[in-house]
Structure formats: structure tokens, C-alpha cells
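Protein chains: 2
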Amino acid sequence: MFETAELGQRVTKEEFKSQEPALRDGLLAVQRELRNAGLPVIIVMAGVDGSGKGETVNLLMEWLDPRGVSVNALSDPSDEELERPPFYRFFRQLPARGHMGIFLGSWYTEPIRARVYRENKPSDLERMITEIVQFEKMLADDGALILKFWLHLSKKDQERRLKTLESDRLTRWRVRSEDWKNFRRYGRFRRICEEVLRKTSTKDAPWHVVEGKDPQFRYLAVAHIVMKCLKDRLSVFRSRPAPRPPEIVPVPPNQKEILSTLDYTKAVPAVEYRERLQELQGRLNLLARKIHRKKHSVVVVFEGSDAAGKGGTIRRMTEAMDARTYQVVPICAPTDEERAHPYMWRFWRKLPRSGQIMIFDRSWYGRVLVEAVEGFCTDEEWVRAYPEINDFEDHLTRHGTLVVKFWLAITKDEQARRFKERQETSFKQFKITAEDWRNREKWELYESLVHRMVERTSTSSAPWTLIPANDKNYARLQALQTLSDRIDAMV
Amino acid sequence: MFETAELGQRVTKEEFKSQEPALRDGLLAVQRELRNAGLPVIIVMAGVDGSGKGETVNLLMEWLDPRGVSVNALSDPSDEELERPPFYRFFRQLPARGHMGIFLGSWYTEPIRARVYRENKPSDLERMITEIVQFEKMLADDGALILKFWLHLSKKDQERRLKTLESDRLTRWRVRSEDWKNFRRYGRFRRICEEVLRKTSTKDAPWHVVEGKDPQFRYLAVAHIVMKCLKDRLSVFRSRPAPRPPEIVPVPPNQKEILSTLDYTKAVPAVEYRERLQELQGRLNLLARKIHRKKHSVVVVFEGSDAAGKGGTIRRMTEAMDARTYQVVPICAPTDEERAHPYMWRFWRKLPRSGQIMIFDRSWYGRVLVEAVEGFCTDEEWVRAYPEINDFEDHLTRHGTLVVKFWLAITKDEQARRFKERQETSFKQFKITAEDWRNREKWELYESLVHRMVERTSTSSAPWTLIPANDKNYARLQALQTLSDRIDAMV
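In order, the protein sequences belong to chains L and W. Using this note's numbering, the first residue of the first sequence is number 1, and each one after it goes up by one. Using this note's numbering, the first residue of the second sequence is number 1, and each one after it goes up by one.
It is worth saying that the hints were derived from the structure and are not from the lab. Keep in mind that a hint or two might mislead.
Identical copies carry no separate label here, and so any pair may be met within one copy or between two of them.
Unchecked claim - No more than 27 Å apart at the CA atoms, straight line, and that leaves these computed lysine-lysine pairs for DSS-like:
hint, residue 1, residue 2
1, K121, K137
2, K199, K420
3, K228, K428
4, K203, K350
5, K17, K231
6, K294, K181
7, K431, K228
8, K420, K17
9, K256, K472
10, K428, K231
11, K420, K472
12, K181, K203
13, K181, K431
14, K156, K472
15, K231, K199
16, K13, K442
17, K295, K428
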């Protein structure tokens, strides 16, 4: 694969100078158009040590308008980053719509390094490659243009380059001892990179291998590719089909949907409830402390119909815990910063640090429930939300974060009863709006969506717990018990 | 001062139970009203070790609606936090409008601890107290209700409490070895806390000293104070006077304003410019590397009239630097998350990590320039922006961050010439809008505001550099030279 980048390509100074003005003007113009179109651009600059990655980024920054371009030179992750899944640090650096993010050091760096030094197994690398492909697909689906450059040097050229840098007082600092250590593994490094590049060259995010030896050649090659891809992206964007609202196919009438199979008569009498509540809360208290002490993290999701009792159940949990160990995050409409990023970004940024329990009162499942029903997302966004959610939860569970998901289910009659009760109790009136009554009209649609949600997102590592909640006592105890059991199995 | 909290106050279980329901209902109701009014609430829970701070926060969380309340249990700062001024971590945890933030461990913890252990001098503590008072004043001015609780225990009671905790298998973990170490310094600790509490009990943020011995007494006392203060805050909020737009008094005609004293004829011919530019860029390049290596950080601010050449000057700087070492942040309208926080929050969150140069293309000075002129802020917000800006820059310089501020000044005629040129050059047309022409009509108002800005915010540690920029060559060289000189003096 890299032979094509060992041809000794050269560009003379004169040729470079003659092409520079038009390229610079063109890049500035297309950058402006992208900003106006609100498209994010992600540039990964990777390659062999000493191949001129930093210099090439410098040139791009010189030629582009530096406003709205961020260069992310990632070195070691900070402790805040280490406490979350590995992709956390990449998510937090993602450029907003209309902006450009250049990554010097990226999601490719660590998987390749670790494999070269045999710190992980071939199967680990395979898994990481899968994660990378999913991540880039999600970005591309969200509208991002992803440009990945691999600057290549042959072994001989790399050696020459490192020696040249070392011989100059002004550039000596740029050669680190790791560079020579890496150089001695050139063959292995090359083989692994070839594999990674091949497997991550997707339609959405292909690699551009560029010969790194001659600076002028490298600069022109990269700039031309950037310009061409930006232009292509713009023209695709302009001719994109009009977005359609989700087309939700209800569960066929001859087929049972999952919520109808729950036993809504389950109930716990008051005396028994009080006793078991105290017992379960005591247990949860000890377990939450253990989580805190052992630096684990937990993500709890509460979803359910309106008036199913999410708030009350969450309160029975938080009552049992030390305030230092948990946080409740109510999910409402996204902020404008959140809207300027991929859908899952807003949840990535809320991930708990080690030792913390984060309780989401509604969650990323909004995308496949209310947003789909109300047409707040497109059909395409809705359809890809399922795999994106699974990927997100995979990141969490692989990092060791426990994911516990509750659906509190009530019957349509019970909801009507609770709505009326709310309207009649003065201090509960604020909880009920015209929208709640409107949502009821779509009850069957929601039932179908819950069925599909469970079908697609209940996994062995992050299963859904569906709780019939017509009786609040029963539901609360069930949720407490489930959370404790899951924590118990982990710590 | 603490004698009043050693009276052995007690509340019986029955009395507590009888008061609980009304208090809980009341707290929930007033919390909802505060949310609707969009007022942020900050609760600091401080006091003697073992006085029940954590338990009291737990009770508040049990009684309040946990949605929209965050508990910030601050322990050691993360490395990302250590790379910024000490208040960075408190700014990033501030609750948004309508939300409540409870701090267990706060801006009081470290100053008191360090003084008890003689790690800082009395004058250091004095300075920290000044910072705290400024910080809380800024929060209060911004509409926050600040509730500070000090839970007190006499020496004898503290000893008893620590022993009780230690004797129970379930609570033993809560007594850290530091607690006994602190206990042996009880007298000194008490004296220092007394001083700190006295000096930070301001009208905006008074301390509430509560006897910590009897849990029931402590819970009721805190809950009553919270409820009363929230109610008072609401009634003050409801009767607040209508905000007025800034009343800007122009510099009297018989008095020179500072921009008129610059020599706008200064110019550098093209040949000399090219030579000196290269030389200065080379120098800046080396200095920026030094910054990076030595882990310093730099904040550069660019302000100036429209078309004064900020963008071009910034480009001449970034061209000289390695893309890993700098970032350009264009400041436009705030996002809604930014609007939900105090004005300076959006700049705190953009502060550079160690080794980074952050270039602000427009800045926090917008508040005392365009926002004041256009009435985007109130008179009161405008007036207090000057001291708030000085405080902010003090935080930076004391942390060791270099602050370099440029005002690029052009004459009114020169601006007209540049506007016309922009209109006539196709690829520059996007840079000129009707608003730019409208702003020109307020030229004299802006001149007065610049005069005042320099008068109030040009300090010895963060001086303004005013550059006559009718000649772009001259302005660019001046800015490059100044930045390099300032960095040189630091590293």
C-alpha cells in the first residue's frame, strides 16, 4: 500500500510559488462557504514520525482563516479523560457545525502504538478498528467531512530525516527518544499501519496517503486534496434530498407488543412497602459507598410514559445515597451548543467521573421516542439512532461503567386517572400540561416504539428493565432492587 | 463568634417530625418558583470536621427536587484545573440560572487549610479573602442567591463526634487521619475560621453559623434559613427596578481622549516591512516554543475599530507559530449556555492549558464597548464590568498567565477608505455589512469608551498597547514586537 508513496515525488520551489496564490484564495473561499453551510470538518493528520505532520498543519493554518479552526494536539489524556471511556476526549474536541478541527494525534495513535509494542492483542486492535469505523460513520452521517491524511516516509528517508533534524541545533528538540525506538520497529509499524489504514478506509472517511519526503510536494498534495474534498462536500450538501420525518411502522395488530405482556396488577401493600423500602435503601446506601470507594461509575436511565412515576422513583433512590456520590440530570431540550454537535455529544459530556452515579431523568432514548413521534428528527436520524445508542452504551460498558435502564410502564387508564388527580391537586397542577393530553392520543405509536426500542437496544451488558408501575410501591421497590442487584454483581 | 453555636441547642424527634411536612412542601414550592424566575442559587456547606455537613446536604437533597440541583463535592483539583487559576474549578461548577449548586468543599477550603498548616502567610490569606469577596459579589450582582452555612462544634463535641464515628463499623471510614490531625489544631483552626468568616460575611453573602451537635436542630435550622432566604430573594427579585440601558458620558470636548493622541502617520515601507517581519516572526517562533516547553500560558486580546486589521495582524502571528502551541478564539454572540451564567463565565471556560497561547479576536471588552453602546447590557452590568474585568485579569496574572492586550486604532477617514475598498473587492465583500456603516455613526461614543477602558483596565500587569494602525505594516510589526517583548520578559 505504501509503495505509491515512495516514488520520490518532488515539486520545485517555483512550481510551488506559482500554485500558491490560487490555492490560498480557493481554500479561504471554500472555508467560508462551509462555515455558512454549517458543515463541520475534521482533519486527521497522521503518519510516520518525522514525515512533516506538524509542518503541514502549520501550513494549513497559514492558508486558512484561523478563526473557527482548532488544532488538537493530543498527547497523554488528562485524569478527567482517563475516568471516562477512551472516546470521551475525542468527543469533547469535536468541532461545532461550521467549524474545522484538525487532529494531530487522534483516535488512531494509541491503538497503533499499543499493537506495535505488543501491549494489546490482535483482537483488541480489531475491536478498536470497529469502534473507529463506527465513530467516523456517526460523524459523517451527522454531516461532517472527514479528511484523513497519512504522511509516509520510507525507512531510509525516515532515518535521513531524523538525522537531519538532530543535526540542527534549532530542530534537535523535535526528535524524541521514542522516535528512534519507533524507528527500530519500522517494519512492524508499517505492517500494522497498513492493516489499520486498509480497514478504516471507508466511503465516508477514506485515507489519503501522501509522500512526506519533499515538503513542497506534500504541502501542495494536501492542500489540493483538502480543497477538492471541501468542494465535493459542498456540492453533495447542496443537492441533498429534503429530509423526511420518521415513518414509524406500528407493531402489526396480530402481534403482541412487549408492554402488553407486563402484569399491571402487581402491587405491594403499604406496610410491607415501608419495611422493604427501608431495607432496600439501606442496601443501596452501602453499595453506593462501595462504588465511590472503588472508583467505579454507574449510569442509570429512567424512561417511561408521562406520569409513570419516574421522579418519585428517582427520589427513593437518591434519598438512600450520600449526596457526594450521585447526580440527577434531567434531560430537556438541547442547548444551542448541543445542537451544533452530533446527537450523542450532549450525553458524552455528562458522563460521570469515577466513583459517581449519574441518574438520567429521560435520556438519549428521547431520539427514538418523542423525537421520532413528533418529527423533531428526520427519518434517517431516527433509523441510525439505534446503532448509535448501542455503540454509546458499548463504550460505557467496555470502560467498566455500569449501565442500568428502567422503563416505567403504566396502562392508559391509569395514566388518565393520574392526570386527573394532578389537575385536581393544587400543588401538582404544574406537572400537567395540554401537551401531556395530546401525547395520549399517540399512545399506540409510543407502544410500538417501546417494543422496537427493547428489541434493538436491550443487550446483555445494558439490558432494559421494564417495570409495570400502576402500583407505585411495587415499581419503586423493583427499581431499587434491580439497581442494587446490578451494582452488587459488579463490585 | 462561635460561642452562640455552643449553647447545646436541641430539637426533639417529635418536634422535628411535626415541622417536617410543612418545611418540605414549602421548600419544593419555593424551589419551583426560583426555577421559573431563572435565579441561580449557590449553597456553601462548610464547617468543622464531623459537624454533619454531608448529612445536612443529604437531607436537603431529600427534601428538594433533585433535578436541577448539583452537589459539588470538591476534593483535589484535577490536572486540567491545576493548569488554570484556582477559581477555574469553581467557575466551571457554577449552577446555571434557575438551578441550584451545593458546594461541599468550596473556595474557602484551601485558603483556610493552608493557613492552619502555615503553608501561606497572613498576607496570602488576606489576598484570598479579597478574591473570595470579589467572586461572591460578582455572583450576587449577577442575580445569584448565595447561602453560606458554617456548621460548628466545640472542641469537646468534635472529639466526641469523631470517636463515635470511629467506634461504628459502618461509619469508621468517614474519619480520615487528617481529621485527627486537624483536631489537634482546633484552637488555631477556630481562630483562623473566625477571621475568615468575619471578613467574608458581606451583605450579599453572609455566613449562617449553625450549631452542628444535634442533627435535628441542625437540619431544621438549615432548612428554615434556606426557605427564608429563598423567599426573600424572590420578593426582592419581583420588586426589582426595571433595568436601564447604559448612560455613557462622553469625554468632555475640552479634554483630550487617548486615541486622538496617537500618531497615525507612522508607517513602514514595504521592503523594510518584509525584512523586519521575517526577523520578528523568527523571534516569536522561538519564544512560543519556549512557552510550550516551559509550560507557561499566554492570553492575547485583540480589540479595535471595525476594519482596523485585527485579522491580518493575528495571521502574521499565527504564521510564525507551531499550530500545537496556539489557538485563535473569535468572540461572537454568546451561546445560550453562556447566557445562563455570569458574563465572565464564557471566558473562564476558554482559558488555555499550560504551554498554550490563546488569541482572542475580540474579547470580554465587548461588554464595555459594543454591548454598552448598543444597550445589550444594563447600566448596572456595564458599570460593574470594569472591576470584574480587572479581577479576571488579576486571576490570570497571579496564576502566571501572561496577558497581552492590543487596541488597533485607525482614523475615521481611514476606516471609510477601507470600507469602500472592501465593497469594491469581490472576495472582501462578505466582510462589510450595513451594521458596520451604522457603527460609524457612533464613532465619538466609541472613542470615549476606549478612553475610559484604558483609564480603568490598563494595569501594570496587564497593560493596553494602543497601536495606530492606519499603516498595516507598522501595526503588524508593532504587535509582533510587543508580544515577543512581553513573552521575553516572562520566560
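Now for the hints, and whether the structure bears them out:
In the homo-oligomer, the alpha carbons of K121 and K137 lie at most 27 Å apart inside one protomer (25 Å), although the nearest pairing across protomers, at 56 Å, exceeds that limit. Neither within a single protomer nor between protomers do K199 and K420 lie at most 27 Å apart by alpha-carbon distance, with minima of 58 Å and 54 Å respectively. Proximity of K228 and K428 under a CA criterion of 27 Å is satisfied inter-copy only: 22 Å between copies versus 59 Å inside one chain copy. For the identical chains of this complex, K203 and K350 are neighbours neither inside a copy (31 Å) nor across copies (35 Å), given an alpha-carbon limit of 27 Å.
Taking the closest pair of Cα atoms, K17 and K231 come within 27 Å of each other only inside a single copy of the chain (23 Å); across copies the shortest separation is 71 Å, beyond that limit. For a Cα distance limit of 27 Å, the shortest separation of K294 from K181 across copies, 25 Å, qualifies, whereas the shortest one inside one copy, 36 Å, does not. With identical chains, the CA atoms of K431 and K228 are at most 27 Å apart between copies only, with a shortest distance of 25 Å across copies and 54 Å within one. Taking the shortest alpha-carbon separations for K420 and K17, neither the intra-copy value of 77 Å nor the inter-copy value of 30 Å comes in at or below 27 Å.
Only within a single protomer do K256 and K472 lie at most 27 Å apart by alpha-carbon distance; the minimum there is 25 Å, versus 75 Å between protomers. Taking the shortest alpha-carbon separations for K428 and K231, only the inter-copy value of 20 Å comes in at or below 27 Å, while the best intra-copy value is 55 Å. In this homomeric assembly, K420 and K472 come within 27 Å of each other (Cα to Cα) only inside a single copy, at 17 Å, whereas the closest approach across copies is 71 Å. For the identical chains of this complex, K181 and K203 are neighbours neither inside a copy (34 Å) nor across copies (63 Å), given an alpha-carbon limit of 27 Å.
In this assembly of identical chains, the alpha carbons of K181 and K431 never lie at most 27 Å apart, being 64 Å within a copy and 50 Å across copies at closest. Taking CA atoms no more than 27 Å apart as the test, K156 paired with K472 passes in neither setting, with 73 Å inside one copy and 46 Å between copies. In this assembly of identical chains, the alpha carbons of K231 and K199 lie at most 27 Å apart only when taken from the same copy (26 Å versus 62 Å across copies). In this assembly of identical chains, K13 and K442 lie within 27 Å of each other by CA distance neither inside one copy nor across copies; the values are 68 Å within and 49 Å between.
For the identical chains of this complex, K295 and K428 are neighbours neither inside a copy (38 Å) nor across copies (55 Å), given an alpha-carbon limit of 27 Å.
The earlier numbered hints that this structure contradicts are 2, 4, 8, 12, 13, 14, 16 and 17.
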